[in-house]
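K.L.:
Listed here are the chains, written in short residue letters.
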Amino acid sequence: MTISYLIITAGIMSAIIYLVSKFNWKAGTILQTLTFLIIGYFLYHNGDYSSSQLAIFNNISLNFTYSYFNEIFLYLGISVMIIVSLFSIDGIKNYQYKPVYNFLTTLIFMSILGVFGAADFITLFIFWELMTWVSFFLISMGKKYSKKAALLFLFMSMIAAYLMITGIFLIDNAVGGITFSNLINNYGSISYSLKFKILMLFVLAGLIKGGVYPLHIWMRTSYSESPDSFTSILSGILMKFGFYLIYLIGLFFPVAFILKNNPSKLISELPSSTFFAYLAGISIIIGTIAAILQNDAKKLIAFSSVSHAGYILLAFTYGTSMAFAGGVTHILVHALTALGMFLSIGAVYFRTGTTKIDELGGLIKNMPLTFTTYLVSIISLAGIPPLFGFVSKWMIYQSLIINGSYFLAFAAFFGSIGSFMYVFRPLAGVFLGQRPKKFENVKEVPFFMKAGMLIVTILTVLFGVLPGLVLKPIISMQQSIGIEPIKASLYRLFSGLTTLDMLVVFTVFGAGFILALIIFLLFAKPTRVKQHEQYTAGEIVPELQTQPSIYHYAKNYYKPFSRIFDKFPSMEKLYKKGAEYLSSSFGVIEEFFYEESINGYIWLISITFLVIIAIRWF
Amino acid sequence: MILNIIFRGLILIFGAFLFQVALSGFSRKVVARIQKRYGPVFWQNFRDIFKFLFKETSISHGFIFDFGVLMAFGGTMATLIFLPYGSFEVIPGQTNFIVVIYLLAIGLLGMAMSAVGSANPNASIGISRALTQMLGYELPFLIVVLVMMYINKTSSIGGLVQSQIQNGWNLWSMPIGAGVSFVSVMGMLGKKPFDSPIAPAEIASGPLVEYSGKYLGILMLQHDFATVIEVGLFVNLFLGGGSNILIFAIKYIVVYILMVIISSFLPRFKVEESVKFFWKWGLSLAFLQAVISLGIYLI
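Chains F and X supply the protein sequences, listed in that same order.
Note that the working numbering has the first sequence beginning at 233, numbered continuously upward.
Note that the working numbering has the second sequence beginning at 6, numbered continuously upward.
The following block holds chain F by itself, in its conformation from the complex (with noise of 0.2 Å):
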């Protein structure tokens, strides 16, 4: 079947979701679930590259692809929507409104669907807006600040969109069509200056759908109020779709004529890559900073996202082979890895109901299996041998070295070092330490957030082990477009200045491991102790069995590092400042505009309708 039945079924399914949701909403999300399975199903069996049109007027219709260049993003998109609607079998229990959670994010799934499967950019961009409308209720389904989350992530939804549909405008201008192939083949008519501008108004669009610094200010709030479950569709998804569109336009912008005869640079042609490349090491810089000084888990990772947007902006606009195929491959590894915390942070919250790291603590006694989730996430977001992240990671290392940009290393550096401390810090708040006594009783997930969790540990130490299974379709469509593929096999990856065998690298940790636990082995058993038998210095402290809470070391953990940064100024300050500035200044304009009664806007309207009238007549 070709996209666009599937987007209908898709269209259809939700309303069909909905209704069985509003008589049993456990069934309504198991149909989900299986509706999702199923359009996954019907992608893959029919596994035929195919274009398809779904026409809406006489002559003006969507056009959808399933082609090279999109293929690996239906699949991301599809699995990730399959595991978090898997979660939320049992997730949303607690929510208020079950029916309308499940039809919104059904319609979250179609506009996956369009945006990944689009031929043209309207497509794009009606799916696109479709996303951000059906996010905006669902974030604002969330906590108690939510529905100001919302708001701020529709004003800067709405900026991104204004700025894509210029460009779509500009496209059309140009070439005279707005489908994908007929940009490529018109490219050559572009004149310099309006390719840039083209280029700048994507990117930009793109970036604050991505959320790098400075256009990251929706994140924090979108992230920490949304419902949980839709928290990782949003970063696992919907953040992507961003660089997805960035990676459209370095992919068909320069690519058709550049790349015959320069294979080595994507982007070079046009001097803003270098402009992107640094702003992206100063997003990874930021982002790495302020996740380490958050106490709310879900900030943290919110901030963490800001930081591998930079790694994925760093490696599409830097351009050589390598780094294309890693900026792909970190998206992969960063939605994996952002569903897996988000899910296993929302599995805490679930049972606990706060997400603040220094009110939680040692709660792996109760949920073993949602601490081996974050635990393997973590692991691979840092970047550490033998899981996933170290893929994509050694990829963008690669193609840095190979060129010596030592101060976007430097940033590259830095976000890999800083999320050590930033992942720990959560690892160490939430699931080690000291169990407060409230939350002694406290009971693993239900079964299906379990299995959820499950899928997304198995498949991050999969692919880490085997990361051909993933290189294979982005190998495959850099040969399609022409460029010099990235040489890789199903275990082994070769840059031009080393190999890496992960399969090695696997084996010969699970042998240390082996080797460690024989000599644990070998001598003597340890005696168990409870929790509050501590080394106190001698001293008797009776808090520690009544009220261990005050025994836990989680708050201000980075104390030290954070006084680094003591006079450092904060951009959403600074935003707010600005606002502050303009309202002062420029209030009396928005008085004139923003009338309290209705007679005031009937005015207004006349005002305008005359002068319109009046310009024309004359």
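Keep in mind the hints are simulated off the structure, nothing from the lab.
Being a predicted model, the structure only gives us computed values, none of them experimental.
For each residue, glycine too, the CB sits at the ideal point set by N, CA and C.
Nothing false has been slipped in among the hints.
Pairwise CB distance ranges, derived in the manner of DEER restraints:
| no. | chain 1 | residue 1 | chain 2 | residue 2 | range |
| --- | --- | --- | --- | --- | --- |
| 1 | F | Ile750 | X | Val35 | 33 to 41 Å |
| 2 | F | Tyr510 | X | Tyr302 | 21 to 29 Å |
| 3 | F | Gly742 | X | Ile304 | 41 to 49 Å |
| 4 | F | Met432 | X | Trp284 | 32 to 40 Å |
| 5 | X | Val35 | F | Pro446 | 47 to 55 Å |
| 6 | F | Phe639 | X | Lys158 | 19 to 27 Å |
| 7 | X | Tyr302 | F | Tyr377 | 49 to 57 Å |
| 8 | F | Asn256 | X | Trp284 | 54 to 62 Å |
| 9 | X | Ile304 | F | Tyr510 | 21 to 29 Å |
Starting from the known structure of chain F, fit chain X onto it as the hints suggest.
P.N.:
Chain X in isolation, oriented as in the chain F frame:
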């Protein structure tokens, strides 16, 4: 082939154990002489480790406490395999620098997990300091090595050693970078003045506070193996490795004892002071070295 690799790997781990434990025992003697004491015999560290390993009682704080120790010990032994020692490589051709740096991190993560799993706040404070300090010392070192890898067009440690055989030691071609890396390696080893994570008098040895018996023995071994990797990296990257394992060992001893001597008469930095130190001096000197080296290379 595989049996051969396993055999050589075990030989390497056992050899590193004998060598480094004896050497750290000897370094205690050196420190003692600087402080005008006699100091223990050089096999004192063997005695300590075996005493701890064979203790009949040791305290465990739960699953993650054990698992983290295994992860740290296993990860560090695995990292040992990916380093060349003179002409000795366990798996030929597998000496990827980035793998070594990151696999070393899994040891640190395991250790951190296990220590925080003990639920003692002293351990948590130590770990938070250790991770903070890591952001200090790794960065200058990585930048210097990046420039080195760019100039020599290889990112495998074996390749860098080979190119030094032809072109002379990197110590002479990148003297500032070598100095910066030397200090960075001291930070990695937790030698004074960078020992705030394990400050014994302040936070009761920090991460190690809850360990006893065989756990402490294993972690002492782990620390010794990590020392072999970190000092071995410096020897390989700046002193040209060695044409055989004996020359490698001699260079290694010189570097290690020099570090011990320097750290023996320095006081302790606060953790943010040491981060600032590495960012201010380490980073600026590393960037200076980068500019100079790239300038020379491009001309």
